[in-house]
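Asks: The hints should help you fit chain L onto chain P, whose structure is shown.
Chains as they are written, first to last, in UniProt numbering: chain P, 1 to 371; chain L, 1 to 371.
Derived by calculation from the structure, the hints in this document are not laboratory data.
Virtual Cβ for every residue (Gly too), placed ideally from N, Cα, C.
Take the hints with a grain of salt, since some may be wrong.
To be verified - When the alpha-carbon atoms are kept at most 35 Å apart in a straight line, the in silico DSBU-like pairs for lysine-lysine are as follows:
#, chain 1, residue 1, chain 2, residue 2
1, P, Lys-329, L, Lys-329
2, L, Lys-215, L, Lys-39
3, L, Lys-329, P, Lys-215
4, L, Lys-329, P, Lys-252
5, P, Lys-329, P, Lys-252
6, L, Lys-252, L, Lys-329
7, P, Lys-329, P, Lys-39
8, L, Lys-39, L, Lys-252
9, P, Lys-39, P, Lys-215
To be verified - Label-pair ranges, simulated between beta-carbon atoms:
#, chain 1, residue 1, chain 2, residue 2, range
10, L, Ala-13, P, Lys-252, 37 to 47 Å
11, L, Gly-279, P, Ala-212, 24 to 34 Å
12, L, Arg-97, P, Asn-41, 43 to 53 Å
Number of protein chains: 2
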Amino acid sequence: MPNMLDPNLPAFADIQTPALVLDASALQRNITAMAEFAKANGVALRPHAKTHKSTRIAQLQIEAGAVGISCATVAEIEAFAQAGITGLLLTTPVADRPKLARLAAVADQSDISIVVDHADQIHVLHELLDAGSRPLQVLIDIDVGQRRTGIVDTASTLALAQLIDATPGMTFGGIQGFAGHVQHMIDAQERRAGAARVRAMLDEHLHVLAEAGVKAEIVTGSGTGACAYDVTGTFTELQVGSYVFMDSDYGKLEHEGGALPYDPSLFILATVTSVNRAGEFTVDAGVKAMAFNGPVPSLMLGVPEGSTYRFGGDEHGMITMPDGAEAPKLGSRVLLLTTHCDPTVNLHAAYHVVGHNNGVETWPVLARYGA
Amino acid sequence: MPNMLDPNLPAFADIQTPALVLDASALQRNITAMAEFAKANGVALRPHAKTHKSTRIAQLQIEAGAVGISCATVAEIEAFAQAGITGLLLTTPVADRPKLARLAAVADQSDISIVVDHADQIHVLHELLDAGSRPLQVLIDIDVGQRRTGIVDTASTLALAQLIDATPGMTFGGIQGFAGHVQHMIDAQERRAGAARVRAMLDEHLHVLAEAGVKAEIVTGSGTGACAYDVTGTFTELQVGSYVFMDSDYGKLEHEGGALPYDPSLFILATVTSVNRAGEFTVDAGVKAMAFNGPVPSLMLGVPEGSTYRFGGDEHGMITMPDGAEAPKLGSRVLLLTTHCDPTVNLHAAYHVVGHNNGVETWPVLARYGA
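Next up, chain P with everything else stripped away, as it sits in the complex:
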């Protein structure tokens, strides 16, 4: 049950808009619900940090039972290792020496796992890893139809697994199949079928490995859209990300028996900055405040019921009201549900987290693209 925040909360008065606002109660409900779902289905959780880029949220996920945290970039795995988060997995193959060197440096200090999709990555890592340190756990990324990264045939998977096992300083940990294209399918039956095809592809790779006597301990992947289907086999763990926030994009997804069982928790606090036109008004949240690759805010608080948002350039959005509705007061605040959560978070330096008694604290967003 969403807890409807008040955009004109006194604690928001001094926040400079546009700003990320996170409802701590809804966040915790989502984390608990996913943890209970995974536990009930006997599958591990390694939630994805590319969604939140926050060690505070990662800690809540681990307290709820997650075995670790997935990261998309070397900068994320560095920041999370630095914060003492354990069970880190880099889900993106890295191919250049500068980044592999940073990764080897993290691996010398912390127990991390990574994925690869090419033998060259193994050769360079072998040169870079400190011979005396703990072995690095290496998984193989499988292309399950997204045509982005990953191995495309079972013979190459086996050859790469054998190369990893034969290389000093590393151990073969299993396989990854991430189906980003399936997570956002709106129709539940289509998504169910898409997820089944992905698992069938992974099963083929697992079969070839097993036939050769190579054990894949971990099978990692899935996401918020398909996790309800992916607990039926193949996967040992789920890399769910967006469930913590439930943005306007995931809010559109159908679920058998209703919407996905998570609450919207992440909003953009914006200020009403122009009220001169009949039937509409302008807020200070545009393309630099909210990711453009998602639907416009499907939930807005502090605006007349039935209003719609349109982007108005870098710094503005325009809100059209139903006939006869009155615009909010100039200078007042509104809350807009995030469009697409991962790239929206990346546009901000911090979350303003509304907790018990409507107190607000600030949590940093880590590992944005640096200098």
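Replies: Leaving out everything else, chain L in the frame of chain P:
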């Protein structure tokens, strides 16, 4: 004439990708060309900092003759005033007390100008401005058809100008008409006609002010798309922004007699991270590295001629090659012309600027949305 950078320049080897790369020669050619164009037409330049968020680039624009710099946010005007840039104009009306207070604090220290579109802004500023300090120059923002901010009728413009003039601590400086919707029209004749309609609207407001004996010293607006037409009258100065970079979006614009006379200067340096699929490969630049609200990169260096880019989520892009072309080496670098420059710059913490002799230095991106 574009200077074609080499994506595998030795000076790029240690840059962590994805990263902003700026060609200093092309940048300087663009700044000089626009300065000469404005000078030849007797119009002032107040280039827009929302494009570059860089005091280094602002200084180059001022050295070339700009009368000042336009800013879109209070954080930008604070950062640029701090750096000693003069002639700052805030082009976005601000409506809430926390931001108006920051603005009043800057105005107490520096000669800045702002725009307003509502009497309430004048009343609050009057309370906040230090009575003893220099007068704040206030312009009126006119809605010239973008339906975003601004005054919509001439009677309100006159009333607001008279209120500004009657309020201690401020002076009426003129009017602004920014037509963001006109700048991106691809067809040159359509853009010419759109720009003429905007100027005609501004002329009506100017006429009513003049009839009442109110002098509008500054008439500010226009942009890279329409500036060729806006030097024919009405405007005393141009708020051009994108000409410094010429992204994939502005590269599509037709110009009478050819393309716009500016060179592409801003690229994303990316690494080839997956090469397992026939006919295509993957780079580490996606939605978190390049703005999604523009065309995909229309110019790519280090890739086979005729290749095309598609977004592949937060951290990836996929590049499809023509039949028979060979993929670049895994781990090698490519350069992608920015999609839409302003929001792309905002995704990065710094520019890697390639200057004489291919030396690279780092310039910070300022005033991204903060905590």
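Asks: Now tell me if each hint is right for this structure.
Replies: Each hint tested on the structure:
| no. | hint | in the structure |
| --- | --- | --- |
| 1 | P/Lys-329 to L/Lys-329 | violated (57 Å) |
| 2 | L/Lys-215 to L/Lys-39 | holds (24 Å) |
| 3 | L/Lys-329 to P/Lys-215 | holds (31 Å) |
| 4 | L/Lys-329 to P/Lys-252 | violated (40 Å) |
| 5 | P/Lys-329 to P/Lys-252 | holds (30 Å) |
| 6 | L/Lys-252 to L/Lys-329 | holds (30 Å) |
| 7 | P/Lys-329 to P/Lys-39 | violated (47 Å) |
| 8 | L/Lys-39 to L/Lys-252 | holds (26 Å) |
| 9 | P/Lys-39 to P/Lys-215 | holds (24 Å) |
| 10 | L/Ala-13 to P/Lys-252: 37 to 47 Å | holds (43 Å) |
| 11 | L/Gly-279 to P/Ala-212: 24 to 34 Å | holds (30 Å) |
| 12 | L/Arg-97 to P/Asn-41: 43 to 53 Å | holds (51 Å) |
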